[in-house]
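If you want the building blocks of each chain, they are given just below.
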Amino acid sequence: MTVAPTPVNLQKDGTERLVIEWNDGHRSVYAWKHLRDNCPCASCREERGKPADPFRILKPNELVALAPVALQPVGRYAYKITWSDGHDTGIFTLENLRELCQCDECRSR
Amino acid sequence: MHPHGGTPSKINLPGIKNVIAVASGKGGVGKSTVAANLALALKAQGFRVGLMDADIYGPSVPMMMGVPGTVDQAETPFPLERYGVKLMSIGFIVPPTQAVIWRGPMVDRAVRQFLGDINWGELDHLVIDLPPGTGDAQLTLTQNAPLSGAVIVTTPQDVALLDARKGLEMFRQVRVPVLGIVENMSYFIAPDGQRHEIFRHGGGQKLAAAAGVPFLGEIPIDPRVAECGDNGEPIVSKYPDSPVAKAYAALAKTVEEQLKKHAQTELPGLQL
Chain A
1 MTVAPTPVNL QKDGTERLVI EWNDGHRSVY AWKHLRDNCP CASCREERGK
51 PADPFRILKP NELVALAPVA LQPVGRYAYK ITWSDGHDTG IFTLENLREL
101 CQCDECRSR
Chain B
110 MHPHGGTPSK INLPGIKNVI AVASGKGGVG KSTVAANLAL ALKAQGFRVG
160 LMDADIYGPS VPMMMGVPGT VDQAETPFPL ERYGVKLMSI GFIVPPTQAV
210 IWRGPMVDRA VRQFLGDINW GELDHLVIDL PPGTGDAQLT LTQNAPLSGA
260 VIVTTPQDVA LLDARKGLEM FRQVRVPVLG IVENMSYFIA PDGQRHEIFR
310 HGGGQKLAAA AGVPFLGEIP IDPRVAECGD NGEPIVSKYP DSPVAKAYAA
360 LAKTVEEQLK KHAQTELPGL QL
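Residue numbers (the working numbering), protein chains in the order written: chain A, 1 to 109; chain B, 110 to 381.
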């Protein structure tokens, strides 16, 4: 198993993005929406696997823009994000975060 | 599979310098025996030591450390102390004849309480005896406790190694340093001085080499180990000059050296 590098610094880039600096010098950028869209929790993964429902009615909390309200380390291997709609079951491993990186270099691969 | 589940909140243990998990993939490899004797060997080297039994379904620490029944908390607050080692186990609360039939969240709660709500005081090492496998107790500890490292216990045969590899992989995935692999029940020296490798030999060393982690040593078979465990005084305390006790003394030294090499830094946080 390849062990991904470790974050050395986390910061917000405005209200829309998260920046992670890693100990190998890489600088990852993520739109919060991208992280939520790729939430690794079991229910979100199941939801993503289903075909889109053309008749789905949006719930009231889905009409408000989602925002992260807390981000905390989980052990030494992951981060957990709590969202404004109360969703907090997604644990993003460091390997997962590295794969989700949206910096220009990673997107061009 | 990545580890998932639970709502983690960190357990701070400011008075404890090192938290050492003793684990294996497979049951019956002598994990509790290794945990108890390692704790006593560390104590014999002058450290302040605690031993926490995280095996909620099958606690062994009470019997091995000479606390045969439940304890009245009003009279004797936790942790208990035997042979100079501080102890906590579900076996001090639930009678030995009663089964603990709990789902995962209850196991999670018990492990958190043992770790965070017990006044352990100042300790150099807290040794945690984990249940076999890669389940709830392991997940709670790796997500919430500041584990300094893990010692993987195996026996020499392939079927034990297969499961030890799973335990090893779990600690790697959650980035808890594997201090090394110890091979228990490694060999038997007969009264005529001849060495017998009853469960084969060298598996632990082979696994350590393949995984790129240190091999911490071999613990020989001695019928007195079982006798001591059943009678409530581990062999390191009862027969400190036996070859097994000496193997544990060497293991304690190696574990201590490995801990120094694996000083861990916490992940940075972010205030939103």
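Be aware that one or more of the hints could be misleading.
What the hints assert, rightly or not - Below, a list of computed lysine-lysine pairs in the DSS-like style, where the Cα atoms sit at most 27 Å apart:
id : chain 1 : residue 1 : chain 2 : residue 2
1  : B       : K119      : A       : K12
2  : B       : K355      : B       : K135
3  : A       : K50       : A       : K33
4  : A       : K80       : B       : K275
5  : B       : K126      : A       : K80
If you're looking for bench data, these hints aren't it; they were derived computationally from the structure.
Since the model is a prediction, treat every value here as computed from it, not as a measurement.
Taking the hints in turn, this is what the structure says about them:
1. B:K119 - A:K12: The given pair, whose Cα atoms are some 23 Å apart, holds under the 27 Å limit.
2. B:K355 - B:K135: Within the cut-off at roughly 25 Å; holds.
3. A:K50 - A:K33: holds, 19 Å
4. A:K80 - B:K275: Holds. K80 (chain A) to K275 (chain B) sits at ~24 Å (cutoff 27 Å).
5. B:K126 - A:K80: Status holds; Cα separation ~26 Å.
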